[in-house]
Structures are given as C-alpha cells and as structure tokens.
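Listed here are the chains, written in short residue letters.
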Amino acid sequence: MRAWLGPLAFGLIVAAATAGAAILAIPYGLMNVAMERLGQGGINHMSHGNLATPERQPVVRPSPDLAYSTCPYDLSKGPIAIDMTPVPGRYSSLSIFDAATDVIFVRNDVEAGGKPFRIIVARAGQEVPKGAEVVRTQHDRGIALVRLLLKDPSEIGALTAIRGQSSCRTVTKLK
Amino acid sequence: MKSWHRYTITLVGGLAVGLGAAWALTGGGLGDGAIRNGAWTTSLGYGTKATDPLTRAMVARSGLLALPAKETLYWMATTDEAGAPLDGDCRYSLSGTALDARWWSVTVYDEQGYLVDNAARNWSVNGANVALDANGEWRVTISPAKPAAGAWLPGGKGGPFQLTLRMYNPGKAFRAAPARAALPRLVKEGC
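Chains as they are written, first to last, in the working numbering: chain A, 353 to 527; chain B, 12 to 202.
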C-alpha cells in the first residue's frame, strides 16, 4: 500500500493542475466555438442574424426579443473599424468581447446620443486613423455584437435597412 | 506492479479527475451568482475584467457574451420562491410591478440554457407586452397548457426549466442594492 502514496500524491497534483488549466482555457475554447458558429458570413464582417428560435441558437441563452448582429474579428492583419447606427426610440448597443470573453467596450443608443458612431479596434502598437476613437485590446480575436430590441418579432423585416447600416471591416486607409 | 505503472495510472486518473472537476465547477450557471433575491440570483461581476477565472468560465458556459451589470442585470431562477426546482409539468404564477429598468424581459430556457419549442412559439414576456392592472401589477401564468384566462408563458416540456430575467439599463437604486429591490414573485400553483 505504501508504494501507492507517492503515485497518489502525484495524481492529486496532476488533478489540481489540470482543473486549474482547464478553467483558464474554457473561456478561450468556447469563444472559438462561438466565432466559428457566428463567422459564417466571414471574419471582419457584420452578419445580421434572424431572431433566435429553438431551431436557431448559435450561442447559449439567446434572447428571443433581440435582433443580434455579429462580427467575429481578427486583428492579426490590422485594426478593424466598426460602424454602429442606433435605431431611434429603442434600446440598442454595441459591445465588444475579447478572446478571453472579457467585455472591452459597451455603448448603448442613449450614450451615443442616438447618433451613429465609429470605433476602431486595435492591438497595442497598431497604427490607427488619426482622430478616430480607438479601443485597444490584448487579443487578436474576439466578437463585436450589436443588440437591437424589438417591440414585436414581426418588426424585424422593417428594420433590415437600418440594421444593414451597422458594419465591420478591416481598416485599409489610415487618413 | 512496477513503480512507473502506478505513476501512469495516477497520471491518467489525475487528468480525468481534473477535467471532470473543472467541468463540474463551471457548470453552476448564472444561478450560482453571489446575490440572492427571492427565487432569483445574480452577480454584478459578469462581463467585467475583474471577474475571477472561475466566474469567467462559468459565464462563458452559461451566458457567453453577457453584458456588464451597468448595461444589463441578468437574474436567474432555477427554483420557485419556496426553493423547489422549476418543473415543466407544474403551473406557476409570475407577477410583479413595473421594474426599475429601461426595458426588461423574462425568458424560459431548458437546463442547458437553450430555448425549447412550444405550440405558441413564445418564449418570453417583457415590460412592453404585459398588461398592468388597477394596482399597477402584471401577472403571467407559466404552465404546460394555456390557462383559461390571463397572459400565458409556456413552461419547459415535462422537465426542469430555468427563467432568465433581463433588466436593460437598470436604475441606480437597483444596481446599488439588488438584493433588496422588488423583483417578480414566482409561486407554484399546482402540478
């Protein structure tokens, strides 16, 4: 029996280290899965999804009252520009999540004064357009998400044009 | 048995136990938040960088892309007010007054946090579509079958279910003392 004391102590250390590493890795892994599922329209591109239903739930716990637009991004080739156009008289917001699932930016329609705005997302050291509002991040990858509240699900068709004004693209011009 | 056999066995066992423990520890969902109010629980730490690794992993599993509390408070109920697990075969009364938020909704999910199909194709009630009575109160029945009168929200289909209450842009008083704020009441009426 004594011959097992060393191996058992070793097994406990392995278990604790594995649990710790897995807990640290879970957010990154799930973010990758979400980027994969939401990235069907392409990376650095804003896709305007239909309302969540039991048949369409790309992410856990979707709200059936919100129209989501999503832009999975990758800054490895340069910063991205996100344009957000609020819809008058209703809750909408732009939020940006990094690869660790942390929120690095949130602005809702009231904070934006109901007006369209542009955000540049960039890694530290990346050159950005002069005068632009910049969010710096420590990770290349992440997801930008626009939430738009619907009073009724049938409204979604009428909001297609204004939703389409929110976009996401790689920055090509620095002036 | 040789010594390295024993170490190999405990290495494999340790890896399995470690992975299992990580999965179990992070599976509590948003319901394991620190703040409790009636049937509801929440945490003010969601979506922020201050969140510890365990909370962050739990949120990633049960509420990926959740907003911080200033923007949205997410309350979760897995039991009724008496502490009994929510059962899709039972009938519940969900009632309250207008909530101190710019907009709010209550959504029914299964145990994993996904929407479940129902005949009414309806999964939520919100501040814009509930009717207030003369006392300024609203009331919704959560049940498998449509009630004879009043607003209806289909419950989970013959199994356990969860509710998520979202409060968009909650009032300052609500953020300052969420445990004491007036939240909707959730009472079992029968099975």
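Wrong hints could be hidden among the right ones.
Stated by the list, open to error - Which chain B residues stay away from chain A? Per the calculated CB distances, all over 10 angstroms, these:
{"no.": "1", "residue": "A33"}
{"no.": "2", "residue": "D111"}
{"no.": "3", "residue": "S116"}
{"no.": "4", "residue": "W149"}
{"no.": "5", "residue": "A156"}
{"no.": "6", "residue": "V198"}
{"no.": "7", "residue": "G201"}
{"no.": "8", "residue": "C202"}
To be verified - Calculated pairs, SDA-like style, for lysine to any residue (alpha carbon to alpha carbon, straight line, at most 20 angstroms):
{"no.": "9", "chain 1": "B", "residue 1": "K81", "chain 2": "A", "residue 2": "V487"}
{"no.": "10", "chain 1": "A", "residue 1": "K503", "chain 2": "B", "residue 2": "R113"}
{"no.": "11", "chain 1": "B", "residue 1": "K168", "chain 2": "A", "residue 2": "G465"}
{"no.": "12", "chain 1": "A", "residue 1": "K503", "chain 2": "B", "residue 2": "K13"}
{"no.": "13", "chain 1": "B", "residue 1": "K81", "chain 2": "A", "residue 2": "V462"}
{"no.": "14", "chain 1": "B", "residue 1": "K81", "chain 2": "A", "residue 2": "E463"}
{"no.": "15", "chain 1": "B", "residue 1": "K13", "chain 2": "A", "residue 2": "F457"}
{"no.": "16", "chain 1": "A", "residue 1": "K503", "chain 2": "B", "residue 2": "A109"}
{"no.": "17", "chain 1": "A", "residue 1": "K503", "chain 2": "B", "residue 2": "T66"}
{"no.": "18", "chain 1": "B", "residue 1": "K81", "chain 2": "A", "residue 2": "M353"}
{"no.": "19", "chain 1": "A", "residue 1": "K503", "chain 2": "B", "residue 2": "A162"}
{"no.": "20", "chain 1": "A", "residue 1": "K467", "chain 2": "B", "residue 2": "K13"}
{"no.": "21", "chain 1": "B", "residue 1": "K13", "chain 2": "A", "residue 2": "E463"}
{"no.": "22", "chain 1": "B", "residue 1": "K13", "chain 2": "A", "residue 2": "W356"}
{"no.": "23", "chain 1": "B", "residue 1": "K81", "chain 2": "A", "residue 2": "G465"}
It is worth saying that the hints were derived from the structure and are not from the lab.
The beta-carbon is built from N, C-alpha and C at its ideal position, and this holds for glycine as well.
Okay, the hints, checked on the actual structure:
1. A33: violated (4 angstroms)
2. D111: Non-interface label stands for D111(B): nearest chain A Cβ at 15 angstroms, farther than 10 angstroms.
3. S116: The claim is violated: S116(B) sits with its nearest Cβ about 5 angstroms from chain A, within 10 angstroms.
4. W149: Per Cβ check, W149(B) is outside 10 angstroms of chain A; nearest 16 angstroms; holds.
5. A156: A156(B) is indeed farther than 10 angstroms from all Cβ atoms of chain A, at 19 angstroms.
6. V198: Non-interface label stands for V198(B): nearest chain A Cβ at 24 angstroms, farther than 10 angstroms.
7. G201: holds (26 angstroms)
8. C202: About 24 angstroms separates C202(B) from the closest Cβ of chain A, which puts it past 10 angstroms; holds.
9. K81(B) / V487(A): Holds, at roughly 19 angstroms.
10. K503(A) / R113(B): Holds. K503(A) to R113(B) sits at ~13 angstroms (cutoff 20 angstroms).
11. K168(B) / G465(A): Violated, at about 43 angstroms.
12. K503(A) / K13(B): violated (69 angstroms)
13. K81(B) / V462(A): Holds, at roughly 13 angstroms.
14. K81(B) / E463(A): holds (12 angstroms)
15. K13(B) / F457(A): violated (56 angstroms)
16. K503(A) / A109(B): holds (17 angstroms)
17. K503(A) / T66(B): Outside the cut-off at roughly 32 angstroms; violated.
18. K81(B) / M353(A): violated (57 angstroms)
19. K503(A) / A162(B): holds (17 angstroms)
20. K467(A) / K13(B): violated (72 angstroms)
21. K13(B) / E463(A): Judged against 20 angstroms, a Cα distance of about 68 angstroms means the pair is violated.
22. K13(B) / W356(A): Holds. K13(B) to W356(A) sits at ~11 angstroms (cutoff 20 angstroms).
23. K81(B) / G465(A): holds (17 angstroms)
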